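**Student:** Assemble chain H onto chain F, guided by the hints.
The lines below spell out each chain.
There are 2 protein chains.
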Amino acid sequence: MSLRLPTIDDIREAHERLRPHLVATPLLEHPALNERAGGRVLLKCENLQRVGAFKFRGAYNKISQVDRAAFPGGVVACSSGNHAQGVAAAATLLGIKSAIVMPADAPAMKVARTKAFGGEVIAYDRVKEDREAIAARLCGERRAAMVHPFDDWQVMAGQGTVGLEIVSQAAAVGVAPDAVLVACSGGGLAGGIATAVKASLPTTEILTVEPEGFDDMARSLRSGRRERNARLSGSICDALLAETPGETTFAVGQQVLAGGLVVSDDEVRDAIRFAFADLKLVVEPGGAVALAAVLARRYPTKGRTTVAVISGGNIDGGMLSAILGAA
Amino acid sequence: MSLRLPTIDDIREAHERLRPHLVATPLLEHPALNERAGGRVLLKCENLQRVGAFKFRGAYNKISQVDRAAFPGGVVACSSGNHAQGVAAAATLLGIKSAIVMPADAPAMKVARTKAFGGEVIAYDRVKEDREAIAARLCGERRAAMVHPFDDWQVMAGQGTVGLEIVSQAAAVGVAPDAVLVACSGGGLAGGIATAVKASLPTTEILTVEPEGFDDMARSLRSGRRERNARLSGSICDALLAETPGETTFAVGQQVLAGGLVVSDDEVRDAIRFAFADLKLVVEPGGAVALAAVLARRYPTKGRTTVAVISGGNIDGGMLSAILGAA
Chain F
6 MSLRLPTIDD
16 IREAHERLRP
26 HLVATPLLEH
36 PALNERAGGR
46 VLLKCENLQR
56 VGAFKFRGAY
66 NKISQVDRAA
76 FPGGVVACSS
86 GNHAQGVAAA
96 ATLLGIKSAI
106 VMPADAPAMK
116 VARTKAFGGE
126 VIAYDRVKED
136 REAIAARLCG
146 ERRAAMVHPF
156 DDWQVMAGQG
166 TVGLEIVSQA
176 AAVGVAPDAV
186 LVACSGGGLA
196 GGIATAVKAS
206 LPTTEILTVE
216 PEGFDDMARS
226 LRSGRRERNA
236 RLSGSICDAL
246 LAETPGETTF
256 AVGQQVLAGG
266 LVVSDDEVRD
276 AIRFAFADLK
286 LVVEPGGAVA
296 LAAVLARRYP
306 TKGRTTVAVI
316 SGGNIDGGML
326 SAILGAA
Chain H
6 MSLRLPTIDD
16 IREAHERLRP
26 HLVATPLLEH
36 PALNERAGGR
46 VLLKCENLQR
56 VGAFKFRGAY
66 NKISQVDRAA
76 FPGGVVACSS
86 GNHAQGVAAA
96 ATLLGIKSAI
106 VMPADAPAMK
116 VARTKAFGGE
126 VIAYDRVKED
136 REAIAARLCG
146 ERRAAMVHPF
156 DDWQVMAGQG
166 TVGLEIVSQA
176 AAVGVAPDAV
186 LVACSGGGLA
196 GGIATAVKAS
206 LPTTEILTVE
216 PEGFDDMARS
226 LRSGRRERNA
236 RLSGSICDAL
246 LAETPGETTF
256 AVGQQVLAGG
266 LVVSDDEVRD
276 AIRFAFADLK
286 LVVEPGGAVA
296 LAAVLARRYP
306 TKGRTTVAVI
316 SGGNIDGGML
326 SAILGAA
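Those sequence lines, one after another, are chains F and H. For the first sequence, the positions run 6 to 332 when my numbering is used. For the second sequence, the positions run 6 to 332 when my numbering is used.
In case anyone wonders, no lab produced these hints; they're calculated from the structure. Treat the hints with care, as some may be off.
The list that follows gives simulated cross-link-like pairs (lysine to aspartate or glutamate, DMTMM-like), each with its CA atoms no further than 25 Å apart [unchecked claim]:
#: 1; chain 1: F; residue 1: Lys-102; chain 2: H; residue 2: Glu-40
#: 2; chain 1: F; residue 1: Lys-120; chain 2: H; residue 2: Asp-283
#: 3; chain 1: H; residue 1: Lys-120; chain 2: F; residue 2: Asp-321
#: 4; chain 1: F; residue 1: Lys-307; chain 2: F; residue 2: Asp-275
#: 5; chain 1: H; residue 1: Lys-102; chain 2: F; residue 2: Asp-283
#: 6; chain 1: H; residue 1: Lys-120; chain 2: H; residue 2: Glu-137
#: 7; chain 1: H; residue 1: Lys-120; chain 2: F; residue 2: Glu-34
#: 8; chain 1: F; residue 1: Lys-102; chain 2: F; residue 2: Glu-21
#: 9; chain 1: F; residue 1: Lys-102; chain 2: H; residue 2: Asp-283
#: 10; chain 1: F; residue 1: Lys-120; chain 2: H; residue 2: Glu-34
#: 11; chain 1: H; residue 1: Lys-120; chain 2: F; residue 2: Glu-40
#: 12; chain 1: H; residue 1: Lys-133; chain 2: H; residue 2: Asp-110
#: 13; chain 1: H; residue 1: Lys-120; chain 2: F; residue 2: Glu-21
Being a predicted model, the structure only gives us computed values, none of them experimental.
Extracted from the complex, chain F is given alone in its bound form (with noise of 0.2 Å):
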C-alpha cells in the first residue's frame, strides 16, 4: 500500500480550518539576532501559539476530522508534552475526550497543562515500558482514535500550514528566505513546512535541527533509510526524543528536506538564554534548536535570509532560572 503524504492543497485546507483558533504569530526580526548572524533572521515564533507550541495545529486539524460515530471514546495519543497539550486542547475545543500517553519524566508543566486543558493523562515508563502498545490497547477499549504526534498525513497538514504563514509572512516585507531551520523529533513540522514553503518557493532550503545524540533524521536523510537513535533520553530537548524518523514523515522528508544540522544540549542553553536576555521570548529547549544552529554558526547565515522556527516555549520555570544561572 503506498504512503498517503501531505500535499500543499492537504496544508491549505488545514489552514482554512485552523485559522478562527489559530493565534497569529509573528515572524520577527530582530537587531540583535540579525548583528549576531551576520545576515537577516527571521524567528517564526510558534512558542506563541495556543498552548505554547506549534502542536496544536497538527492535532486539532487531524482531530476535527475523526470520524465521531466509528470513535465514540474519543482520542488517544502519545506525547512527551507538546502533542500532549495540542491534542488535549484540540479535543476539548472540539468537544470530544482525550487521553494522553506521557512519560513519566515528562516536566511537571507540561503534564499540568495537559490536564488544564482537558486532557486524561496516562504516565509510562520511557525506557521500560512501550508507549504505542499502551496507547493502541486503550484505543481498543475504549473505541478512541490514535492520534499520532507526527506519523500522519493529516497531523502533517496541520503542522505544515505554519510553513504557510512563513512564505506569506515573509512576503509582506519583501524577502524569500534562502534556508528555513526547523527543530526536528519525527519530522512532521519540517516535513509539513518544507512542503508548504518550497510549493511557492523551490530553491529555499528546509534544514531540520536536531539535539547531538538524537540527530535521527540526519543520519537518515544522508543514508537514505530510516536511522535509530542508540539512546532514548539524555538530552535536555525532551520535546525531540523520538526513537527515528516516521514512514511517512521520511517519506516526505526525503522529497523536501536539504538535510540536517545538530546542536548541543550547550548551545540551545545558550540559546535560551539569548531568547531571554535580548529577544524577551520565552523558549524551551526542544524549540530554541533552529536559533542555537543560527547563533552557533551550524549554518551560514552571513549575507543571507534565514528562517528559525521557534517550535515551543513550555519550559519549567526552575529549568529557565537553572539555565539562567538564577536558581
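**Tutor:** Relative to the frame of chain F, chain H by itself:
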C-alpha cells in the same frame, strides 16, 4: 510661553524616521488571555522592541533631530534603565556619544545593557542626589544636549508611533479597540499613544496604569493639577517611579487621557507569571502593569476589546526566578 505639544503630524513624521530601525512588534491576541478577560485583549508587545522596551522610539526621534554643531558633545539623559538603553542605542546608531545618569539601585542588567549599547553610565543616589542637576552640569561641561525621558514633544512623538501601529494593526484584524491601557511613569508613552489613537479613533478611551503609591498621573488627571508621589522608591516597577507628570505630558494627558488605573506589586507579579507560563513572553514589572490591570479586573474587559501595551521586558534572571518561585 506656550508649551509645544506633539501633534499627529509629528508622530507620523517620527514613524517615517523610525521605521527602518524598529522591530515590527506584534499586536498579539491569545485565547488564554481572552478567556481570563471575558473579552478580546490585544497585546502590543513593545518588550520585543529594540532594546527591550518602547523607549528606543522616543530617544531615536529626539536624537536624530539634535543639532550636532550646537551640541558637539553628544547627548545626556537621566533614566532608571529603559530610556538609558534607548538613548544609548539610538546615539550609537546615529554615531554620537551618550552619557546616562542612572540610579545606583537600577537593575544590574539595565546598567550592563546600557553600556553594551554604547552608553557611558553615571550612577547617582535616587534619594540623596538630584539627577536633573547632575545631568544639567554634564550638558554644560560637555556641550551635550539633554534627552528628557518624557517631558519633550519630540520624545513623546516617538513614543506615539506605538499608537499609530496599534491603530493599523487593529484595523488589519478588523478591530476598533474600546480602550487602550498604557503603563505610565512620566506620561510620555501614554500621551503619545493617546494622541495617535484618538486622531483615528476618537471614541477609544486611553487609560494610564501605575503602581500603587506611584499614581501621580491618575491623581493629577482627577485633581486637574500635577500631583506628586509621597515616595521615590518602593515598588518592584523600577521603570515607573517618576515623581510627578511632566508639564508637557500632563498638558497632553488632560486633553486625551480618560483617567488612570492602579495595580499592586502582587498583581504585577501575577501578570509576569501569566506572561511567562501562558504567553511565553518575558515582561518586566513596569512593562506588566497594563496586563496586570486586565488580569486583576481593574478595567471592565468583559465583552469589550481592549489593547494592553506591554512596554518592556528588561528583567533580571534573578528577579524573574524569584517571581516564578523558582529561585
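**Student:** Are the hints correct? Go through all of them and say.
**Tutor:** Structure-based check of all given hints:
1. A distance of roughly 21 Å separates the Cα atoms of Lys-102 of chain F and Glu-40 of chain H; the hinted pair therefore holds under the 25 Å criterion.
2. With a C-alpha separation of about 14 Å, the suggested pairing of Lys-120 of chain F with Asp-283 of chain H holds against the 25 Å cut-off.
3. Between the alpha carbons of Lys-120 of chain H and Asp-321 of chain F the distance comes to roughly 31 Å, so the proposed pair goes past 25 Å and is violated.
4. As the CA atoms of Lys-307 of chain F and Asp-275 of chain F are separated by approximately 19 Å, the hinted pair is consistent with the 25 Å bound.
5. In summary, the hint linking Lys-102 of chain H to Asp-283 of chain F is supported, as the alpha carbons are separated by about 23 Å, within the 25 Å threshold.
6. Simply put, Lys-120 of chain H and Glu-137 of chain H have alpha-carbon atoms about 20 Å apart, close enough for the 25 Å limit, and the pair holds.
7. Distance restraint check for Lys-120 of chain H and Glu-34 of chain F: the Cα-Cα separation of roughly 23 Å lies within the 25 Å cut-off, and the hinted pair is therefore satisfied.
8. Using a Cα cut-off of 25 Å, the hinted pair Lys-102 of chain F and Glu-21 of chain F holds, with the two alpha carbons roughly 24 Å apart.
9. Distance check on the hinted pair: Lys-102 of chain F and Asp-283 of chain H sit about 23 Å apart at the alpha-carbon level, within 25 Å; holds.
10. As the CA atoms of Lys-120 of chain F and Glu-34 of chain H are separated by approximately 23 Å, the hinted pair is consistent with the 25 Å bound.
11. Using a Cα cut-off of 25 Å, the hinted pair Lys-120 of chain H and Glu-40 of chain F holds, with the two alpha carbons roughly 17 Å apart.
12. At most 25 Å may separate the alpha-carbon atoms for a hinted pair to count; Lys-133 of chain H and Asp-110 of chain H meet this at roughly 12 Å.
13. Restraint check for Lys-120 of chain H and Glu-21 of chain F: the C-alpha separation of about 48 Å exceeds 25 Å, so the hint is violated.
In the structure shown, a violation is registered for the earlier hints numbered 3, 13, in ascending order.
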